[in-house]
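Construct the entire structure; sequences and hints are all you get.
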Amino acid sequence: DAKTTQPNSMESNEEEPVHLPCNHSTISGTDYIHWYRQLPSQGPEYVIHGLTSNVNNRMASLAIAEDRKSSTLILHRATLRDAAVYYCILRLPNDYKLSFGAGTTVTVRA
Amino acid sequence: DAGVIQSPRHEVTEMGQEVTLRCKPISGHNSLFWYRQTMMRGLELLIYSNNNVPIDDSGMPEDRFSAKMPNASFSTLKIQPSEPRDSAVYFCASSPTGGAGYGYTFGSGTRLTVV
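Residue numbers (this note's numbering), protein chains in the order written: chain A, 1 to 110; chain B, 1 to 115.
It is worth saying that the hints were derived from the structure and are not from the lab.
Straight line, CA to CA, 20 angstroms or less: simulated EDC-like cross-link-like pairs of lysine to aspartate or glutamate:
1) A:K3 - B:E44
2) B:K24 - B:E11
3) B:K68 - B:E44
4) A:K97 - B:D57
5) B:K78 - B:D57
6) B:K78 - B:E14
7) A:K97 - B:E44
8) B:K78 - B:E62
9) A:K3 - A:D95
10) A:K97 - B:D56
11) B:K24 - A:E45
In structure tokens form, the structure reads like this:
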């Protein structure tokens, strides 16, 4: 299975953008890139996913490198509510399993 | 949409007792998942069902664990007998399909403590 590598932690100031990197150098041509987050005492929450093109939704943007060996989740204006563990996960098209790694713990300073 | 609903939110039970965790998936979602989260092992998939049929139960720890989905709107995870090592947060999740083109919606979880 293709693996992902994320920094253990990141800090940000409120209302500033947050760029969360994810390396996946062994990604296959059909792997989807998924991002989830888990707020304290909550279940994981789907954030965004993409295959080749950059993606935007109401929560975040996903920037995918041209060679697809890395991606960046962008939170445009961090709020205190965005403090969470963020997980970058690769999935093959028919792969039903979400394999959660350690993720990146994001701290937002007021 | 109320999302995925789990009950109870917290459960404390004595070793040897039967425990039943409940899940109501999002209406119209055909795929249902049970996950467990502990500090030591992180988030682990216990079982995946599609259209009410178990597809992958390889993550179920042992025969003490069983999952049922009597209909598309309700699932249970039963532990009998419970042991202290079963203490964890159990999450239920649902998705329109099991494919990677969709995200999963997780419930808020049931925190189980076995004493």
